[in-house]
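Protein chains: 4
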Amino acid sequence: MSKYQSLKEEAFEANMQIPAQHLALYTWGNVSAFDPALGVFAIKPSGVPYPELTADSMVVVDLEGKVVEGTLRPSSDTPTHAVLYKEFAVADKANIRGIIHTHSTYAVSWAQALKPVPLFGTTHADHIQTEVPCTPYLSKEAVQNDYEKETGNLIVSHFRSLKLNPNEVNMVLVGGHGPFCWGATADKSVYNAAVLEEVSHMAMNTLAINPAAAPLPDYIIQKHYLRKHGPNAYYGQSK
Amino acid sequence: MSKYQSLKEEAFEANMQIPAQHLALYTWGNVSAFDPALGVFAIKPSGVPYPELTADSMVVVDLEGKVVEGTLRPSSDTPTHAVLYKEFAVADKANIRGIIHTHSTYAVSWAQALKPVPLFGTTHADHIQTEVPCTPYLSKEAVQNDYEKETGNLIVSHFRSLKLNPNEVNMVLVGGHGPFCWGATADKSVYNAAVLEEVSHMAMNTLAINPAAAPLPDYIIQKHYLRKHGPNAYYGQSK
Amino acid sequence: MSKYQSLKEEAFEANMQIPAQHLALYTWGNVSAFDPALGVFAIKPSGVPYPELTADSMVVVDLEGKVVEGTLRPSSDTPTHAVLYKEFAVADKANIRGIIHTHSTYAVSWAQALKPVPLFGTTHADHIQTEVPCTPYLSKEAVQNDYEKETGNLIVSHFRSLKLNPNEVNMVLVGGHGPFCWGATADKSVYNAAVLEEVSHMAMNTLAINPAAAPLPDYIIQKHYLRKHGPNAYYGQSK
Amino acid sequence: MSKYQSLKEEAFEANMQIPAQHLALYTWGNVSAFDPALGVFAIKPSGVPYPELTADSMVVVDLEGKVVEGTLRPSSDTPTHAVLYKEFAVADKANIRGIIHTHSTYAVSWAQALKPVPLFGTTHADHIQTEVPCTPYLSKEAVQNDYEKETGNLIVSHFRSLKLNPNEVNMVLVGGHGPFCWGATADKSVYNAAVLEEVSHMAMNTLAINPAAAPLPDYIIQKHYLRKHGPNAYYGQSK
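Protein chains in written order, with our numbering: chain D, 1 to 239; chain R, 1 to 239; chain H, 1 to 239; chain V, 1 to 239.
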């Protein structure tokens, strides 16, 4: 049995959540699961419909994007995942073992509008303390050079210029394209993508109801975030 | 067998309606069922996914929020429920034996817009005779003092300042957060949350179609409300 | 066996399409099936949830709204159905043997906006040749006199003042309330309610995309309507 | 066994995707499958509900719209399909073996607004390199002459006047009516109709969020389109 078996199973289970949570149509979207000790991640094969996926069809690649196990071609977005793991998980030591890319309807709509998703309420603040960042369009040079790798670089440089901590802000919109999210497991990255879709929908509605809607006051943001994620968190069953 | 068994079963069944009626994602939302004779309510445990809930996992707490039965930590919103039962059900003698909190999409959108839901039509008037109230944001002091309890206090003081009767107005939006609803049973509180979500959606659409839409005339509001809820009600099969 | 058995079964089957087609929540909405020879119609009992309905629970009433068979109280909207059958089916000799009332989301939104649904496209023109009429609010006197009967009268007088033919225009919005639709069978009335919901959604979107959107030219309206409903109709399998 | 058996099965399977992908209600919409060697296509019979369709009920017609096999009347839109096959597949030698017409909600909304769907993001650019074209209304003369055939002619002349290549642009909105899409198989035409519905929804949202939203820069459009469809495409598993 492959030493990557459990990693491939984690990636497979998480990918199957994309259609289950209505986060993309047909073959669109992809999730990867990362093993920092082995320095590899398992990712969805490119262009394969979800009903045909199996754990065995997952492709294992290293952080240079080189295939180390699997017979299929990995997702075309593999170099973006590799950059995010190298920069955020390895260099910045963020606790990231799963990354997801979707084409979910409302998150993509904000990305196409080139607007960060405002932080209007506690549904959003329960998960991140900032608006959901939206990068500018990738430059012509970057697109023509190495598109998918440069997409990763754009996310990283956008986070660094805004001084965002990828351990805390686990979602981003790539301008004109769509969302990438991450988490401590592949499954948690999918959860974050579902959260992003829901808060994107709520934020669009909020502006439709009140075009002058104000962001949530910072003291409520902090309270909601910290009761779930702070050192004295009291949400859920963990100690 | 626990003397709280039927209360826990009522709470469990009502909680399972949250995902069934699409009122919240994942572990979000919670319902409680109150027994005024015993002075306790049963509520969802914090952060547990709905598919893992059982009647036995419900947590029984008293009106000070102290756990009297159950091994799990109760919903983080428990102190809000406790305040509403103490003030509305006990002090005001309103017929409230169930309370629900959801993150349903359209109701949250109005809460984020800091706007009450206007009473535009009979779908709304069949249930309450006023717009759905929306509290202001909780103050910084209240948030830092005792957030969940103060959320309950904010709802109560908002009702009292507007002279709203919690027996008649069984739903509210907490500004920047989302809806709380209640009813004569836990199951009826869920029904009210589903009504609120639907009238929130309809009201947003109504303004999109006609930004100058007017509220329903009062004489139609009274007719619709009273044919269902007045002393001579003639809707349904009860005498 | 009751001589109304097949009428009750037709009404039952049609009522069960309300939740199946997502035209109302819980117990809301109702369909009736009319037998002109017997001068009676079968209608949903008031306030009964759809999963509990049976053909036997349907209530048979005459055109004065008097129950002639059944142990349950008929829908509170029964007098509205009775007026429409008396005026449109009997007096005007329109081919109407089924009537439906729903609270479907987008149709209600237009009714709340007090706006007729503009005829923007062929999806609409395949069914009716005019915008979907929307009555004004019922007057205070009418509401206080005999609300449900006056709702029927309002629809009838609105049709007559606009010179609309109920054989051709088989749907209407009651201002501030919601849709009533009818058809040659109870089942076809449900079909018309689903059409109205879809064209209401499309029309709201159309205005969001282009606030200056124009109605469909009359020569396209006539073509689409007549290829389905004219003397030389060539849509479908009938001769 | 009919020599058209596999063509009829392909058409049947593709038609059953219309309700599965929520692209139309009831009997609306139709797909055809074309065999260029035989010079015929199989298409849905007119006005038959999807649950009653079988492969045997598909109607085989030639490029003049004459029925060559089948006992039912073909879709009333058959002459539109015939024109598109004759002009695009035969005359222009585009690789088109399937055509679909739907009444999907968001695509119809853009058609009713008489607006092409702007190319705002990569979800769109992954499939076509231009906005989705929208024809003007058909002229009065054309409607009264031969409506369905002229609908085909309108699409063809609109493509030719805009110098659009039907091999690359495989979707169009007919003004005031709705979408027609095509593809290398009947199944791929359904895929394109689902893509169009999704990008239509995203584009409406994008304008709601940012009325000044700009089209995606051309260099990103080209990159996304070519990585899937260019000579050096690297999306998916094909060589």
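Where hints are given, some of them may not hold.
Any copy will do: because identical chains look the same in the list, a pair fits if it lies in one copy or spans two.
With a straight-line cut-off of 30 Å between C-alpha atoms, the simulated BS3-like cross-links for lysine-lysine are [what the hints assert, rightly or not]:
hint: 1; residue 1: Lys228; residue 2: Lys3
hint: 2; residue 1: Lys3; residue 2: Lys223
hint: 3; residue 1: Lys93; residue 2: Lys228
hint: 4; residue 1: Lys115; residue 2: Lys3
hint: 5; residue 1: Lys223; residue 2: Lys115
hint: 6; residue 1: Lys66; residue 2: Lys115
hint: 7; residue 1: Lys140; residue 2: Lys3
hint: 8; residue 1: Lys86; residue 2: Lys149
hint: 9; residue 1: Lys228; residue 2: Lys66
hint: 10; residue 1: Lys3; residue 2: Lys163
hint: 11; residue 1: Lys149; residue 2: Lys228
hint: 12; residue 1: Lys140; residue 2: Lys228
hint: 13; residue 1: Lys115; residue 2: Lys140
hint: 14; residue 1: Lys163; residue 2: Lys115
hint: 15; residue 1: Lys163; residue 2: Lys188
hint: 16; residue 1: Lys93; residue 2: Lys149
hint: 17; residue 1: Lys228; residue 2: Lys115
hint: 18; residue 1: Lys66; residue 2: Lys149
hint: 19; residue 1: Lys163; residue 2: Lys149
hint: 20; residue 1: Lys163; residue 2: Lys140
hint: 21; residue 1: Lys66; residue 2: Lys223
hint: 22; residue 1: Lys228; residue 2: Lys86
hint: 23; residue 1: Lys188; residue 2: Lys86
These are computed hints drawn from the structure, not numbers from a lab.
Structure-based check of each hint:
no., hint, verdict
1, Lys228 with Lys3, "neither (35 Å within a copy, 33 Å between copies)"
2, Lys3 with Lys223, "neither (42 Å within a copy, 36 Å between copies)"
3, Lys93 with Lys228, "within (21 Å within a copy, 34 Å between copies)"
4, Lys115 with Lys3, "neither (42 Å within a copy, 54 Å between copies)"
5, Lys223 with Lys115, "both (25 Å within a copy, 22 Å between copies)"
6, Lys66 with Lys115, "neither (34 Å within a copy, 45 Å between copies)"
7, Lys140 with Lys3, "neither (41 Å within a copy, 52 Å between copies)"
8, Lys86 with Lys149, "within (11 Å within a copy, 44 Å between copies)"
9, Lys228 with Lys66, "between (38 Å within a copy, 21 Å between copies)"
10, Lys3 with Lys163, "neither (37 Å within a copy, 55 Å between copies)"
11, Lys149 with Lys228, "between (33 Å within a copy, 17 Å between copies)"
12, Lys140 with Lys228, "between (41 Å within a copy, 19 Å between copies)"
13, Lys115 with Lys140, "both (20 Å within a copy, 29 Å between copies)"
14, Lys163 with Lys115, "within (18 Å within a copy, 33 Å between copies)"
15, Lys163 with Lys188, "within (23 Å within a copy, 45 Å between copies)"
16, Lys93 with Lys149, "within (20 Å within a copy, 38 Å between copies)"
17, Lys228 with Lys115, "both (27 Å within a copy, 27 Å between copies)"
18, Lys66 with Lys149, "within (13 Å within a copy, 54 Å between copies)"
19, Lys163 with Lys149, "within (21 Å within a copy, 35 Å between copies)"
20, Lys163 with Lys140, "both (25 Å within a copy, 26 Å between copies)"
21, Lys66 with Lys223, "between (43 Å within a copy, 22 Å between copies)"
22, Lys228 with Lys86, "both (27 Å within a copy, 27 Å between copies)"
23, Lys188 with Lys86, "within (19 Å within a copy, 38 Å between copies)"
When each numbered hint is compared with the structure, violations occur for hints 1, 2, 4, 6, 7 and 10.
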